[in-house]
Amino acid sequence: MALQGPIPVTFAMVFPHGCYIVGEVEPVKDFDASAGGRFVQARDKQTQELVWQVAVMDGDPTLKPAQKTVAVKILAPVQPVPPQPMPGLPFTPVEFDGMSITPYVNAAGRLAYSIKVREMHAPRTTTPPAPVKAPAGKDAN
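Note that this note's numbering numbers the sequence shown so that position 72 is 72, with each residue one more than the last.
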């Protein structure tokens, strides 16, 4: 099979309704290397970069509450800084670049996905195109 390892995806494919930070950016523990009270941060198997994690809430209104929060792993040499909170919103909107997913079977025997990203940033704003006005005396239909 030509497709092996993490599968590249876009932010819009994974979070078409956007997502929001609901936790702190934290280092991921390497459970094999950490021992005797000593914490060792995990490194990505392919890139050897440090692995960080942040909990995000999916903006999809059709998801069940148990499906709304997901952990996103960030590969970065230093701890990533989340975007600034937006006034009037209870959660901070966020977008990710350089995304990939790795499917796996979870402890319940169900298909799940590990999400890894390269960058975290505030959502990019786009201005919708201005509506086209019909010339005077013409019907817009």
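Rather than coming from a laboratory, the hints here were simulated on the basis of the structure. The reader is advised that the hints may include incorrect statements.
[As the list claims (entries may be wrong)] Straight-line alpha carbon distances no greater than 25 Å define the calculated BS3-like cross-link-like pairs of lysine-lysine that follow:
1. Lys45 with Lys29
2. Lys64 with Lys29
3. Lys73 with Lys29
4. Lys45 with Lys73
Pairwise hint evaluation, Lys73 against Lys45, where the allowed Cα distance is 25 Å at most = holds (13 Å)
Below or equal to 25 Å on CA atoms is what counts here, so check Lys64 against Lys29.
-> The hint is violated at about 29 Å.
Do the alpha carbons of Lys45 and Lys29 lie within 25 Å of each other, as the hint requires?
-> Measuring from Cα to Cα gives roughly 14 Å; hence the hint holds.
Hinted pair Lys73 and Lys29, Cα distance within 25 Å | holds (12 Å)
Hint violations for this structure: number 2 only, all remaining hints satisfied.
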